[in-house]
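*Asks:* Here's the letter readout for the chains.
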Amino acid sequence: MTSTFLADKRSGQGTDLPPPEKVRARGRARRRVLHWLTAVAFQVPALVLFIGLVMLPMVFALYAAFFRWGGFGMPSDYVGTDNFTDLFDNPVFLGDLWRCLVLVVLSLVFQLPFALALAVALNQKLRGRAVYRMLFFAPYVLSEAITGVLFSMVFAPDDGLADHLLGAVGLDGVGGLWFADPSYVMATLFLVMTWKYFGFHMMLYLAGLQSIPRELTEAALIDGASPWQRFRNVTLPLLAPTLRISVFLAVIGSIQLFDLVWVTTQGGPDHHSETMAVTMFQYGFKRYQVGYASAISVVMFGICLVFALAYQRFVLRRDLEGATTTMRGDGK
Amino acid sequence: MGDPALSRRGFLAASAAAGLGMTALSGCGGDSDGESSDGTTTIEWWNISTTEPAKGVWAGLAKKFEGQNPKVKIKIVQLENDAYKSKMTALIASGKLPDIFHTWGGGVLKQQVDAGLVEDLTDKTKPWADGLLEVAKEPYLLDDKVYGIPFDIGMIGFWYNKALFKQAGISEPPTTWGAFLEAVSKLKSKKITPIALAGKEKWPGMYYWAYLAMRTAGAEAVQKASDDKDFTGAGFVEAGAHLKTLVDLQPFQKGFLNAAYSTPTGQAAAVGNGKAAMELMGQWAPAVQADSGKGLGDDLGFFPFPAVEGGKGAITEVFGGGGGHALRRGAPQAAVDFLKFFASEATDLELVKKTGVIPVVPNAESAITDPNIKAVQAQLNAATGFQLYLDQAYAPAVGQEVNDSVAALIAGSKSPEQVTQSITQIAKEEQ
Numbered sequence: 001m002t003s004t005f006l007a008d009k010r011s012g013q014g015t016d017l018p019p020p021e022k023v024r025a026r027g028r029a030r031r032r033v034l035h036w037l038t039a040v041a042f043q044v045p046a047l048v049l050f051i052g053l054v055m056l057p058m059v060f061a062l063y064a065a066f067f068r069w070g071g072f073g074m075p076s077d078y079v080g081t082d083n084f085t086d087l088f089d090n091p092v093f094l095g096d097l098w099r100c101l102v103l104v105v106l107s108l109v110f111q112l113p114f115a116l117a118l119a120v121a122l123n124q125k126l127r128g129r130a131v132y133r134m135l136f137f138a139p140y141v142l143s144e145a146i147t148g149v150l151f152s153m154v155f156a157p158d159d160g161l162a163d164h165l166l167g168a169v170g171l172d173g174v175g176g177l178w179f180a181d182p183s184y185v186m187a188t189l190f191l192v193m194t195w196k197y198f199g200f201h202m203m204l205y206l207a208g209l210q211s212i213p214r215e216l217t218e219a220a221l222i223d224g225a226s227p228w229q230r231f232r233n234v235t236l237p238l239l240a241p242t243l244r245i246s247v248f249l250a251v252i253g254s255i256q257l258f259d260l261v262w263v264t265t266q267g268g269p270d271h272h273s274e275t276m277a278v279t280m281f282q283y284g285f286k287r288y289q290v291g292y293a294s295a296i297s298v299v300m301f302g303i304c305l306v307f308a309l310a311y312q313r314f315v316l317r318r319d320l321e322g323a324t325t326t327m328r329g330d331g332k
Numbered sequence: 333m334g335d336p337a338l339s340r341r342g343f344l345a346a347s348a349a350a351g352l353g354m355t356a357l358s359g360c361g362g363d364s365d366g367e368s369s370d371g372t373t374t375i376e377w378w379n380i381s382t383t384e385p386a387k388g389v390w391a392g393l394a395k396k397f398e399g400q401n402p403k404v405k406i407k408i409v410q411l412e413n414d415a416y417k418s419k420m421t422a423l424i425a426s427g428k429l430p431d432i433f434h435t436w437g438g439g440v441l442k443q444q445v446d447a448g449l450v451e452d453l454t455d456k457t458k459p460w461a462d463g464l465l466e467v468a469k470e471p472y473l474l475d476d477k478v479y480g481i482p483f484d485i486g487m488i489g490f491w492y493n494k495a496l497f498k499q500a501g502i503s504e505p506p507t508t509w510g511a512f513l514e515a516v517s518k519l520k521s522k523k524i525t526p527i528a529l530a531g532k533e534k535w536p537g538m539y540y541w542a543y544l545a546m547r548t549a550g551a552e553a554v555q556k557a558s559d560d561k562d563f564t565g566a567g568f569v570e571a572g573a574h575l576k577t578l579v580d581l582q583p584f585q586k587g588f589l590n591a592a593y594s595t596p597t598g599q600a601a602a603v604g605n606g607k608a609a610m611e612l613m614g615q616w617a618p619a620v621q622a623d624s625g626k627g628l629g630d631d632l633g634f635f636p637f638p639a640v641e642g643g644k645g646a647i648t649e650v651f652g653g654g655g656g657h658a659l660r661r662g663a664p665q666a667a668v669d670f671l672k673f674f675a676s677e678a679t680d681l682e683l684v685k686k687t688g689v690i691p692v693v694p695n696a697e698s699a700i701t702d703p704n705i706k707a708v709q710a711q712l713n714a715a716t717g718f719q720l721y722l723d724q725a726y727a728p729a730v731g732q733e734v735n736d737s738v739a740a741l742i743a744g745s746k747s748p749e750q751v752t753q754s755i756t757q758i759a760k761e762e763q
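From first to last, the protein sequence lines stand for chains A and B. Counting from 1, position 25 in the first sequence corresponds to residue 25 in the numbering used here; the numbering is continuous, with no gaps. Take any residue in the second sequence, note its place counting from 1, add 332, and you have its number in the numbering used here.
Derived from the structure by calculation, the hints contain no laboratory data. Predicted, not measured: the structure shown is a model, and the values here were computed from it. A hint or two may mislead.
[To be verified] Below, a sample of chain B positions facing chain A; criterion: calculated Cβ distance under 10 Å:
hint, residue
1, 399
2, 402
3, 699
4, 700
5, 740
6, 756
[What the hints assert, rightly or not] Non-contacting residues of chain B with respect to chain A, defined by C-beta distances greater than 12 Å in every case (computed):
hint, residue
7, 391
8, 395
9, 419
10, 566
11, 573
12, 590
13, 597
14, 622
15, 744
For glycine and all other residues, C-beta sits at the position ideal for the given N, C-alpha and C.
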């Protein structure tokens, strides 16, 4: 259809000769049509995939969340909001929410400052700087499954590398059960998460640091600012947009955490390291309670959505207003 | 068991699917009967034989079948136990199962049958399946129709290290629960880890509770509880209390709550490497011990789960199950032929000799040489009652709840009463 339409246009142009300005106008119109067609042609494959593989399943999950459904055939046993009310009565799921919060807080308090400190250190002139950068970034390149298997071995009680290392420096018996201890499993998990992701955040910060003009720090130096003052009042505010993005990624990552937990602990011992995604998997793929699992995924989606929108509205907006150049609202 | 990362592939695929929304899969899965233009039929065979020697022997059998049937190609897909179960869930949602797939029968198979995904084999297999061992066929018999053909039958019992038992001064394997607890204490006093348990995987812990329930309430009562959807009877609470007594002795290896079953640091390896004195496991235990650890050889012994003093169940009632194959609805005739080939006397003799399974073809019995497998076979022949693995016998939600609550009991967060209440609640919800 498109080609005949274009052909018609072309033949029309050939038969009656319009005045020059009309030709220009028609040329513009044709360009606009072509432009539009090109845009459509480029977008259709992505749109089809996005709608088919993301939007439709999401809508369907929302629909299925209102049914008691085992995954066979179409959902038919409508139960209203029962799945959701049950969910907020389920101690495991409430625990998931709590653990999610713990992970978010731990990430913000330990992981990101650690990554920032490293980034600042590696932004100095340092022998072998490139090697360090590469080394610290390497864990991020590993798949989560491989990381999980690796650390299952490292933290094997007695036989693992962790206990051997502690033993080698005279700390026998300090290492505990790691993943097998309900009280320490989250700490162990967080250690692995940090190992895996600090390099990624460090890279973000390094990129941010390198975009800060050197003149600003030099000016502060001439004004007699101490290293801490230079960091606090020049570097940090200028790094703020990067920090905000990194916080955003860390929070969303904590909410959706699955692979690492599944491989290392499957949510155990006794649900002490279970996350929302793991609970969803348990109900959907082990218990065949797909409606209930859909309800969990809907809640997860809701939490992510609300967080993302609120964060964009209240935090990231400052970046759009040019906070980078004016340093407005510096931590106040 | 090779590279553990490999067995995680199924999880990765599944988690990718989960990320897209669990139901994304329902639209996928085209229909094809696997016949190509040159008349060759390709049949897909999904099994869980990921450990040697079975892995190699099965592949060899597939080759042999291809040799006898030049127009048939067999595509083998091998997945580790848990990965297989997860992957099957995704496939069920898609409405299309592999041509031949592993099944344990019971409640899970029934759900697949109810969804119309499984071929009724009653008439197609009658001529040759009639001669197979009755008890082995039982789990696949639903409403008097045959939905699966067994290749293995067995039971759960204690596999123990004779040398370590001797070292602790235990002359005879215990036959009563009291003697068993005493043996555990003796082993502990010699600084030997009495029992290896894969706490991360939950199903090995369920065996203890299930057997104790069979011993206190009796096999019939366990069946009745499942029919009535009421597990709150006294025998079941008592079973949990007995298990609690055992757990309080701290008989398990260090870090058992995060131990897997078949990995190099798991339950089977702990026994196979002589680091723990026993494990409660099925007839496949010796093979997995030797694959993930060194294996115990002649030091390995078997004894049935002890009787509980004053309990209604007998020591001759067995808890177990087997392995079988089912076909997807509409699978090609070649798949039926393969089942026939796999259940033939020649194949069964090879399986018994090389992989140590218990024969489903009565004539293949003569091929058993391993004294432990003979002991298991004798137990099975003399069985006065039979209960299929609970997580297979019951609907998946109920089976998982049993595993989960018993795991909580072992971890110390649920009381024996709470275990029976949780299971009953889920059983009543699932009709």
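*Asks:* Against each hint, give a clear statement of whether it holds in the structure.
*Replies:* Do the hints match the structure? See the list:
1. Below 10 Å, beta-carbon pairs count as interface contacts, and residue 399/B has none with chain A, the closest being about 37 Å; its hint is therefore violated.
2. For residue 402/B, the shortest C-beta to C-beta distance to chain A is roughly 38 Å, which exceeds 10 Å, and the interface hint is violated.
3. Of the supplied interface hints, the one on residue 699/B is violated, with its beta-carbon coming no nearer than about 37 Å to a beta-carbon of chain A, more than 10 Å.
4. At about 35 Å, the closest approach between the beta carbon of residue 700/B and any beta carbon in chain A exceeds 10 Å, and the interface hint on this residue is violated.
5. The criterion of a C-beta within 10 Å of any C-beta in chain A is met by residue 740/B, whose closest approach is roughly 5 Å, and the hint holds.
6. The interface hint given for residue 756/B is broken, as the beta carbon of that residue sits about 16 Å from the closest beta carbon of chain A, more than 10 Å.
7. The beta carbon of residue 391/B is kept farther than 12 Å from every beta carbon of chain A, the shortest such distance being approximately 25 Å.
8. With a closest Cβ-Cβ approach of about 31 Å to chain A, residue 395/B is found to remain outside the 12 Å limit, as its non-interface label requires.
9. In this structure residue 419/B is not separated from chain A by more than 12 Å, as the shortest Cβ-Cβ distance comes to only about 9 Å.
10. Every CB of chain A is more than 12 Å from the CB of residue 566/B (nearest about 26 Å), matching its label as outside the interface.
11. Even its closest Cβ contact with chain A, about 19 Å, leaves residue 573/B beyond 12 Å, as expected for a residue assigned away from the interface.
12. Non-interface call for residue 590/B relative to chain A: violated, since the shortest CB-CB distance, roughly 4 Å, does not exceed 12 Å.
13. The non-interface label for residue 597/B is inconsistent with chain A: the shortest C-beta to C-beta separation is roughly 5 Å, within 12 Å.
14. In this structure residue 622/B is separated from chain A by more than 12 Å, as the shortest Cβ-Cβ distance comes to about 19 Å.
15. Its closest Cβ contact with chain A, about 8 Å, brings residue 744/B to no more than 12 Å, contrary to its assignment away from the interface.
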